[in-house]
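Engineer: Residue strings, one per chain:
Protein chains: 4
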Amino acid sequence: MIRVAIAGASGYTGFELIRIMVQHPEVRLTAITSRAQMGQRLDDFYPAFRGHCELVFEEPDPAVLTRDADVVFTALPHQAAMDMVPALLDRGVKVVDLSADYRFRDPAVYEAWYQPHKTPELSSQAVYGLPELHREAIRRARLVGNPGCYPTSIILAAAPLLARGLVRPETIIADSKSGVSGAGRGASLAVHFCEVNEGFKAYKVGEHRHTPEIEQELGLLAGKPVSINFTPHLVPMSRGILSTVYATVAAGATAEGIDDAFHNFYSGAPFVRLCKKGEFPSTLQVRGSNHCDLGWRFDPRTRRVIVVSVIDNLTRGASGQAVCNMNLMCGLPEAAGLAAPPWQP
Amino acid sequence: MIRVAIAGASGYTGFELIRIMVQHPEVRLTAITSRAQMGQRLDDFYPAFRGHCELVFEEPDPAVLTRDADVVFTALPHQAAMDMVPALLDRGVKVVDLSADYRFRDPAVYEAWYQPHKTPELSSQAVYGLPELHREAIRRARLVGNPGCYPTSIILAAAPLLARGLVRPETIIADSKSGVSGAGRGASLAVHFCEVNEGFKAYKVGEHRHTPEIEQELGLLAGKPVSINFTPHLVPMSRGILSTVYATVAAGATAEGIDDAFHNFYSGAPFVRLCKKGEFPSTLQVRGSNHCDLGWRFDPRTRRVIVVSVIDNLTRGASGQAVCNMNLMCGLPEAAGLAAPPWQP
Amino acid sequence: MIRVAIAGASGYTGFELIRIMVQHPEVRLTAITSRAQMGQRLDDFYPAFRGHCELVFEEPDPAVLTRDADVVFTALPHQAAMDMVPALLDRGVKVVDLSADYRFRDPAVYEAWYQPHKTPELSSQAVYGLPELHREAIRRARLVGNPGCYPTSIILAAAPLLARGLVRPETIIADSKSGVSGAGRGASLAVHFCEVNEGFKAYKVGEHRHTPEIEQELGLLAGKPVSINFTPHLVPMSRGILSTVYATVAAGATAEGIDDAFHNFYSGAPFVRLCKKGEFPSTLQVRGSNHCDLGWRFDPRTRRVIVVSVIDNLTRGASGQAVCNMNLMCGLPEAAGLAAPPWQP
Amino acid sequence: MIRVAIAGASGYTGFELIRIMVQHPEVRLTAITSRAQMGQRLDDFYPAFRGHCELVFEEPDPAVLTRDADVVFTALPHQAAMDMVPALLDRGVKVVDLSADYRFRDPAVYEAWYQPHKTPELSSQAVYGLPELHREAIRRARLVGNPGCYPTSIILAAAPLLARGLVRPETIIADSKSGVSGAGRGASLAVHFCEVNEGFKAYKVGEHRHTPEIEQELGLLAGKPVSINFTPHLVPMSRGILSTVYATVAAGATAEGIDDAFHNFYSGAPFVRLCKKGEFPSTLQVRGSNHCDLGWRFDPRTRRVIVVSVIDNLTRGASGQAVCNMNLMCGLPEAAGLAAPPWQP
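Chains as they are written, first to last, in our numbering: chain G, 60 to 404; chain L, 60 to 404; chain Z, 60 to 404; chain U, 60 to 404.
By construction, these hints were calculated from the structure, which means they are not laboratory data. Given the structure is predicted, the values throughout are model-derived calculations rather than measurements. A portion of the hints provided could be inaccurate.
Given that identical chains are not distinguished, each listed pair holds provided it fits within a single copy or across any two copies.
[Said to hold, decoys possible] Subject to a maximum C-alpha distance of 20 angstroms in a straight line, what follows is the list of computed PhoX-like cross-link-like pairs (lysine-lysine): (1) Lys263 - Lys335; (2) Lys177 - Lys283; (3) Lys336 - Lys263; (4) Lys177 - Lys263; (5) Lys263 - Lys283; (6) Lys335 - Lys283.
Here chain G stands alone, though its shape is the one from the complex (with noise of 0.2 angstroms):
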């Protein structure tokens, strides 16, 4: 059994964390932390896991965290991970970030879009955890970012027309919208129900923080660097995002090719699903699971490619990705503890 702790616990990741810790047959888990809640027990807290778990909320302290665990989950604000992890990874445990802090290759992009970085040491050995385009290193990781919600959509709508050439890289086009739960559970009169019942926006054009980290990843899969226009629009639902992805077509591309494209790039995959040509998939498709799926069309009118993602943000986008990201490091099937259907309706 794998040893498992969690630092933060108490939001929404952490609720899903949970939820497939107490799941996953290869797993134990052994702490979780919080600072607000610390000293409270998990199931008061969140009386859904009445009878699923007796943890109680430890401080987050890396010997708190590292007391009996093999592999640690931050899932704590940016900037607070980096804070925490190092001493963690001293402790000889490996680590699956779920902040922005690991994601970048260079830390001269993070700390443009972020803050000073305090680690940059360890921004070279970080993986960035998408397993279907990393997951050799990621097996080898000791410490894995995990992606932001919004790329793992994007890059995974994108990644078979880059690495195949059949798209002109400079016409990506990412337009997203998500479900609440992506603004964290922190109250806020953003997050009012009667703010977001009945109503639809876009926020933060043009300077959402999870542009460079999509950049970063298009650009590897390019080969060279890549701009693009990335929008996000919040969606009054709970869970769930869908990128609808827009690129002008290389010249010779087809829609064979493309075709050709997602089936040989997915081929094995154990979580991206390819919809039926002439088909688009839904939120509700993979709504509490590890999924992606995907659909997309050649317009000949235009030449371009349409491509619609779905994930869940919790699953998919955080805390299931984080999951899987830990079976590889741990040696386990990719698909350990996360082989439930998705709930509907």
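Start from chain G and add chains L, Z and U according to the hints.
Structural biologist: Chains L, Z and U in isolation, oriented as in the chain G frame:
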């Protein structure tokens, strides 16, 4: 492994049965039938199941259902169930029927609220599948009438009070609120998104067919006939039922006696969870699980006790409870295949 | 033109007051105040008002509010209202107070459920602003205590029955369900979209502060003190309240007598609409309007009458009713400025 | 007073037309027709209208509709409209048609995307009813083809940019998101609450029939044929459309030039509101109103401009715009009867 077939598998309770079955460690799902979807792959009809189940909907024929099955679930409309169940029993399988056809001990009650019964002689063999009340009888049953969603929530709320004589049976009022999936998957104006969303209403006030089913079980607990008021309401959400049950206490009843009744009555029940004193449950904390969570309060001003119960209408109110019944009928642990925590948010 | 000022205009009831006022043919809105938004333009704070109102939030000072006003609406929290109202009255304006501070005839009742009252002597001058019960007194009032949202829905449901002696007052149970805007616009975990959406719960069971207000008015109708059970619930929608009111009929009451009571009691009331026999209302059919729609049924099996009432909690349950009170206090037709139909879908 | 009749009044656009008409100070509503509801009172069909309108649905016959009317609104399905409109015009009334049948200047375009046109000769007389583009022609028209909901939101977003030559027309991508009422009131699985709620999806990717309508108007603005990508999505909410429009700027375009274009183009337009710099609109801020609110940003990294537009799909996207067109056709102020502020929350 128990071999399971499902008749009427294309609706929401069918989806939920399949979702549970494909994760159940002791079950192999061998056939699903649906008249409307006959010949279609399950995962084309419900893309959510892609990668999880490769079955094809077959003809709803007893020979098909019993071809390779120990237990058959009938998730059919009233009347269609009693056309199918006798033939299934004749072929030697056990049956869990999710319709109302086998919930009534007295066929005359069924006929007063539904229609003429075609197999009244089976009514006396059928067991009402509420494990907390009839666990031993379910273990020995070959036919279980799986309870309705509202009745499950209401009977579990009132049972300890009636069993101990702590309330006057004739004072019971059950005010229930259900998510929309309780209405099934059929298209109608009543379930049109824009007719449901941002609205709240009562329906079938004083005439809902779940009334006699509730009264049957409450009468058994009270040791005499019971008439109640039951008012169902429609909540603009997909899943969940909350019932608020009111009753005037009997002479001599105390707050402590009421607390004791709940704790003793549900001691050892794996799926009933009691709130801490002063707390009341939300449907969110049981979503996707087989739990029934209960909170209550004695109001000395009016000498009434108010009990609030929550269930997931598709899991505990239908398919999860049906699986629980199958577990008991087959000698498995009551909670087999139903151990996953609730979904939140 | 009546000159109107609003204290505490930045919340949902403030929005709704302004929305009505800018359309009201006999009103000129002259000042809005808000401590938190002081100095900001209304239409920057609420872009919805761009082009409809150019006012700026001012300091919540009696001198500002009465600078150019005949009537002041105080949409302030409890306690803040009684700090402000006496000074407004001293300056000669009429006041409609939307807090609980002036709803109680007996200051001792207020103090038992809220806090010490600073101006108990004003309580006897204040009129409870439910036009169907106190129309004439409201016309003569200079201070109206505008009813709570739940009490409006419950009192209107029960009034005809109590006024005619058709039910036993001690048997009244009010099970109420409200949209989230009733909790106000303040940010908190309790109103976080993901904590509300797809969930349903009861709250403050047996201890909600609207209880004594309901009992005061029902007691006046019954001619004796009345204690009730009142259970509020939170519905995942923005607007609307539905109350389901149960009562055991008095000896001799008949279905026809009950029908007559409703029709006679509300004859001529412009904002109470009675459902056709056998029909029950949905909150959707009153959204955005000042209507209260009522449906009822006598159940001979239990000898109880069940009344279902629906209102829009922000319009009839707060701001629309406040405008209605202003109309009466100023000699305008009761429905002035409130004639627009409900919003659907 | 203008006498108005409505054909096809039982759906959501019919409801919205009636809602506006009963408040319109210059209108008397004289007849409503509906084949399905013929003979039924409006306020029995829609209890929301009780007390607001006493009309009865009549037979959808030109003689009935023109019996006492100056203007007839045809809110009928495609094809049914062109069966009715010629007879209405022959009887001398003005017509605002809410279907697609009279939106196209070139009948061949209509026939390529819809079906054979029965009255192609009327197409040249019909005016596309977008007041910001065709105000003067609408004033003189006797037949207006009222724009589709998506096209309204997209054309208004792109018009200033194309009119000034600030963007390259062939780079336009419109990613649109609509509430469910856009699908109409007919029952189907696609609008079942549980299939929509908590889900988000794209549909008719690359093949939605609003495409040619958008291209027609953008082409007129650009002075040459334009092909775009238009992707509609379904949002789990009842009302509202948000379109995110992307375009690459032309050589020499600047952020200031773009700002100027919007401000100049919409100077004096009563129903277009421009966001402050750096702000983007939510559908909530226009709900129930005829406004179109616009926000935009030039991204120097990619040299694209992103425009976000929001409308209420039933008001500005259908019935409110239709009333606006009637106002212009009848010499009334453009905003007559449409002055009420948006609804929030």
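Engineer: Which of the numbered hints are not met once you compare them with the structure shown?
Structural biologist: 2, 4, 5, 6
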